[in-house]
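Trainee: Fit chain to chain and form the complex, with the hints in mind.
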Amino acid sequence: MSRLRDLLDAREFVVTGEVAPPRGTDLAAMRAAVEVLAPHCHALNVTDNQGASLHLSSLAASRAVLDMGIEPIFQQTCRDRNRLALQSDLLAAWSLGLENVLVVTGDDPRAGDHPNARGVFDLDSTQLAAITRGMNEGQDMMGQPLAGGTGFYIGAAMFPEAEPWDVQLARIEQKVEAGVRFFQTQAVFDMDKLSRAVDAVRPLGVKVIAGVLVLKSPRVIAFVNERLAGLMVPEHISARIAAADDPAEEAVRLAAEQVRDIRQIADGVHVMPLGLDHAIGRILGEE
Amino acid sequence: MIITTPRDWSRIEANLTDLGARRVFIMGCGQCATVAHTGGEPEVREAAARLEAAGWEVTGWTVGEVTCHLGGTKLESRKHGGEIGDADAVLVLACGAGVQTVADSVDKPVFPGLESLFLGNVIRNGIFEERCQMCGECVLDQTAGICPVTTCPKGLLNGPCGGMWDGMCEVLTDRECTHVRIRRRLSGQGRAGIRTVEPKDFSKTLKPGALNIRPPRGSR
Numbered sequence: 001m002s003r004l005r006d007l008l009d010a011r012e013f014v015v016t017g018e019v020a021p022p023r024g025t026d027l028a029a030m031r032a033a034v035e036v037l038a039p040h041c042h043a044l045n046v047t048d049n050q051g052a053s054l055h056l057s058s059l060a061a062s063r064a065v066l067d068m069g070i071e072p073i074f075q076q077t078c079r080d081r082n083r084l085a086l087q088s089d090l091l092a093a094w095s096l097g098l099e100n101v102l103v104v105t106g107d108d109p110r111a112g113d114h115p116n117a118r119g120v121f122d123l124d125s126t127q128l129a130a131i132t133r134g135m136n137e138g139q140d141m142m143g144q145p146l147a148g149g150t151g152f153y154i155g156a157a158m159f160p161e162a163e164p165w166d167v168q169l170a171r172i173e174q175k176v177e178a179g180v181r182f183f184q185t186q187a188v189f190d191m192d193k194l195s196r197a198v199d200a201v202r203p204l205g206v207k208v209i210a211g212v213l214v215l216k217s218p219r220v221i222a223f224v225n226e227r228l229a230g231l232m233v234p235e236h237i238s239a240r241i242a243a244a245d246d247p248a249e250e251a252v253r254l255a256a257e258q259v260r261d262i263r264q265i266a267d268g269v270h271v272m273p274l275g276l277d278h279a280i281g282r283i284l285g286e287e
Numbered sequence: 001m002i003i004t005t006p007r008d009w010s011r012i013e014a015n016l017t018d019l020g021a022r023r024v025f026i027m028g029c030g031q032c033a034t035v036a037h038t039g040g041e042p043e044v045r046e047a048a049a050r051l052e053a054a055g056w057e058v059t060g061w062t063v064g065e066v067t068c069h070l071g072g073t074k075l076e077s078r079k080h081g082g083e084i085g086d087a088d089a090v091l092v093l094a095c096g097a098g099v100q101t102v103a104d105s106v107d108k109p110v111f112p113g114l115e116s117l118f119l120g121n122v123i124r125n126g127i128f129e130e131r132c133q134m135c136g137e138c139v140l141d142q143t144a145g146i147c148p149v150t151t152c153p154k155g156l157l158n159g160p161c162g163g164m165w166d167g168m169c170e171v172l173t174d175r176e177c178t179h180v181r182i183r184r185r186l187s188g189q190g191r192a193g194i195r196t197v198e199p200k201d202f203s204k205t206l207k208p209g210a211l212n213i214r215p216p217r218g219s220r
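Each protein sequence line maps, in turn, to chains D and H. For the first sequence, counting from 1, position 211 maps to 211 in this note's numbering; every step adds exactly one. For the second sequence, counting from 1, position 93 maps to 93 in this note's numbering; every step adds exactly one.
In isolation and in its complexed conformation, chain H is listed as follows (with noise of 0.2 Å):
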């Protein structure tokens, strides 16, 4: 999931008082800011209530159920269109996509409400690492399932580099040298070799990505 972090709140209210803005609707998203505990409901409820203590009028709110999701957007901003209509601005609490999503969604100007910081593995509620950076070119058949990429500091996909002392990271000295995690699993599935992992394929790493699995027009 995207992992979000509460954007600093005298920017967010900095953005509305630029825009002279005194009445504002807030949206959340039912997935991953409501599991990242930062664009749930109790989150959308504790923003109102902080504008509102700060002078700010709040329309309404709601929480998406999947705010990145563009029709279902849409479909919530219409079914909210009274309170987005008499709005000056909506502010956002998802990750860059839903605000986006929003924006293309509502005529009012929108502002994003979080940080967004990566695609997180939920370790334990309210605990997110970040596992995958979603290159486009899978190294984790040769990396005992432990990506590299992502997990080193370095992204290096052959080490340990020169850092590693005593098994630990150069430069997250708390943590366990993924290298050295990579080997120690190869080797205790019987896969252990020395195998260089070739240089990566940064073409196949797509920036601005997008994907249309859709069929050919008259194919079925």
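Only chain D is shown next, with the shape it has when bound in the complex (with noise of 0.2 Å):
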């Protein structure tokens, strides 16, 4: 059984946080990542080709965090493979002992280091979660039965800032309705629109695991600005950053104030340091 699952089903504040699988083989930097955030977190993510550029299989390195003794929530892109495979590496990611996915439509491949590839998008992320749940009764998408189904804690994104906020709502209702159980948001800044979404999906019997970006220099903030699809960060964020004597430092402490914030108003935080791997204690109000 999922943990993250029973601890959100006890109404207990989760935290997750991420790694990523290395380009190449070398599994030891993200290894290193592990040992620095699994004591804070429940659970880890492990991303699928992030940024639409080439890293090892999150399939691989979900069970090599497995393996580490951290639940991980394996994630699921549907750029680069087809129904057919989609299907298959959740069976394999079951038969590893896998039990959370975190399905999304990943970024266009334009926007990585391979511009020419195709993008898949041969189903889209509300489609492969009614799949998983389907695999997890017991049949593939052909509504076939499987020689031993799945059982997956599904989860989903969220986008609590991205405006029009109607059209969020419904693709949030539309995922419900296609089997999430849990949603990981992109970063929040804006802690109303946050308590707008968590208000929204309350009545649906979901979890919301809020987002905090880790935004240690003007650098990061223009990277995020740039080249992260769905996210921006408020100009008054971005002006206290580069204000700051030790904007590393004042980003611990903004992180730190989210997550307290957080905890008021969703069923967990999600941290991605982004090079701030071993303030986690400090983010999370812990030391």
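Just so you know, the hints here were simulated from the structure itself, not pulled from any lab data. Keep in mind the model is a prediction, meaning the values are calculated, not measured. Ideal placement from N, C-alpha and C gives every residue a C-beta, glycine not left out. Be aware that one or more of the hints could be misleading.
[As the list claims (entries may be wrong)] Reference listing, derived: stretches of chain H covered by chain D, where coverage requires no fewer than 3 residues with Cβ under 8 Å from a Cβ of chain D: (1) 16–30; (2) 150–156.
[Stated by the list, open to error] Pulled a few chain D residues facing chain H out of the computed Cβ check, cut under 10 Å: (3) Ser125; (4) Met158; (5) Arg171; (6) Ala229; (7) Gly230.
[Said to hold, decoys possible] Derived SDA-like pairs: lysine to any residue, alpha-carbon spacing no greater than 20 Å straight-line: (8) Lys200(H) to Gly143(D); (9) Lys204(H) to Leu84(D); (10) Lys204(H) to Asp122(D).
Mentor: What follows is the structure in structure tokens.
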């Protein structure tokens, strides 16, 4: 059974972190990040060719994370695989002991390091969630029985600050109907918008884990604004980091404030430390 | 209509040079390539002048009525049989369908003079946009007459994706997100719902497409 699901069902405030598989076969750096984050987190997301750039597969990396004694959230994007491969990898993931899956669309290949790649997008994230739910019920997307089904805790992405909100809300409801049981949000800066999102999904009986991005320098903020899709750092945040004597220290303080606020609003927090992994304890208010 | 754009001229010259062709016949198209200003009479004349200026002899030219129509193009080729017979090669200012029809209609080597881009809507004279990819399984009934397969760069049937910001597309940042447009129009028509569009049946995408709507022999 997914521990993440058990904790959320028990109304415990959960903490998730994130590690990136290597661009190569040397897992040492990823394992080092796991060592730092694991003592503070209930589960760790393992990204899938993030930024549409080549990395070791999330499937193998998720298993490596599991082997270190912490529950992974296996991320699957619709960009790189067709419906046969996606289902095949879900079966593989379950057989490898991976119990949480986060289904996402995936950045466009033009944004990554293989810009001439063909984006597959045979399915979208909603369809993939619905198919995953079907596999949990023991059948493939064609309705054919599987010799052993899956039991995934199905998650998806949510964008509380991306307007228009009515469109976002309809999208959230659609994902829940497809079988999504928990959401991890894009980085949140406006807690009123997070509250709006959480209030909207509460009646649907699903959980919201709110994202916190640690912005250690004006350079990182510029990168986020220019390169990360669906996210803009508000001006007052940029100004605060830029004006600080020690921007990294200020970023940790800001993230800690955000976590404190999120504890009052959401079901959990997803920390993306962007290189400040060692500050995770302080960000979570544990130190 | 089929939207075309002029092919890199140096590639056309290279094709003719590689063949050792000195005399060329040119064929345009009276349909799409005429509307796209790539293969109508003015463009065919311009190509002829350009070839002659570079030392080729143009034995003749014509603008076929519908160059992708096999019967019509065979007829057009017969009408210009002498000029085509005198040529070493035929340059076709039409879409890829037109080029292949000409290649099936004449004995001479045939070369494309245009690049074929997409099935396009004519927004205004000279402004074309792709709205349909001819996928064989129309979803426009569910998407308020806006095709996400074509106009969402990721081709997502359900959206928006996480890249949407302020209603705008992540990939084509100067365009409104297709899925925001769809939801807006659906709710404006009182058709808002959360129904998920099912995965596409790609077996319906015929490649190569072929269709015979003639009644079977002896049926009338």
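Trainee: Each of the hints needs a verdict: does it hold here or not?
Mentor: Here is how each hint holds up against the structure:
With a threshold of 8 Å between beta carbons, the proposed coverage of the segment 16–30 of chain H by chain D is violated, since 0 of its residues qualify and at least three are required. By the rule of at least three residues with a Cβ nearer than 8 Å to a Cβ of chain D, the coverage given for the segment 150–156 of chain H holds, with 4 such residues. With a least beta-carbon distance of about 8 Å to chain H, the hint placing Ser125(D) at the interface is held under the 10 Å criterion. A distance limit of 10 Å between C-beta atoms decides the matter here; for Met158(D) the minimum to chain H is near 9 Å, and the interface restraint holds.
Interface hint status for Arg171(D): upheld, as the beta-carbon distance to the closest one in chain H is roughly 7 Å, under 10 Å. The criterion of a C-beta within 10 Å of any C-beta in chain H is met by Ala229(D), whose closest approach is roughly 3 Å, and the hint holds. Interface hint at Gly230(D): satisfied, since its Cβ lies 4 Å from the closest Cβ of chain H, which is below the 10 Å cut-off. For the proposed pair Lys200(H) and Gly143(D), the alpha carbon gap of about 16 Å is at most 20 Å, so the pair holds.
Proposed proximity of Lys204(H) and Leu84(D) is supported: the alpha carbons are some 17 Å apart, at most 20 Å. For the given pair, Lys204(H) sits about 14 Å from Asp122(D) by alpha-carbon distance, which is consistent with the 20 Å threshold.
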